[in-house]
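> Under numbering that gives the first Met the number 0, the sequence shown has 57 at position 58, and the numbering climbs by one with no breaks.
It is worth saying that the hints were derived from the structure and are not from the lab. Be careful, since some hints might not be right.
Stated by the list, open to error - Have a look at the derived ranges for each label pair, beta carbon to beta carbon: (1) ASN100 / THR8: 55 to 65 Å; (2) ASP104 / ILE46: 53 to 63 Å; (3) GLU102 / ILE16: 54 to 64 Å; (4) ILE93 / PHE22: 28 to 38 Å; (5) ASN4 / GLY92: 54 to 64 Å.
Each residue gets a CB set at the ideal place from its N, CA and C atoms; glycine is no exception.
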Amino acid sequence: MPKVNVNITEDNIAEWIHSVGYFLPRSDKELARFERLHNGLTHGLDINSVDPFAILNGQWQPKVFISLSSEGLDEEISELRMAARKHQEIPDGIFKQMKNNQEKDESSDNAEDQD
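Make the full structure from the sequences, and use the hints.
Right, dumping it as structure tokens:
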């Protein structure tokens, strides 16, 4: 793959800002550069459903999205927290591994205190 040298200077920074899409391209050169940079970009939007004049005139209203309730999630999380605290419904193998990890941590803390 050939190496591409891009020389951005103070003189051409505005041209590059318009070419990469931060602002709309102003010339054919900036438009060609923008299209080359963004040629793989696809939109999941039907172009016929967009009314740019409504957007520009301020008549467009955003759609209201209904947020999902987190009540069930909060209850499930609290149940898991209680199970972890009371050691309920935790398999014995996992419980033993948790205990071993805690014992290792405590023994490494004690070893540091003795130094």
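> Work down the list of hints and note, for each, if the structure agrees.
Each hint tested on the structure:
1. ASN100 / THR8: 55 to 65 Å: 57 Å, holds
2. ASP104 / ILE46: 53 to 63 Å: Distance hint for ASP104, ILE46 holds at roughly 59 Å.
3. GLU102 / ILE16: 54 to 64 Å: 59 Å Cβ-Cβ, so the 54 to 64 Å window holds.
4. ILE93 / PHE22: 28 to 38 Å: 56 Å, violated
5. ASN4 / GLY92: 54 to 64 Å: At roughly 59 Å between Cβ atoms, GLY92 and ASN4 fall inside 54 to 64 Å, so the hint holds.
Hint 4 from the earlier list is the only one contradicted by this structure; the remaining hints agree with it.
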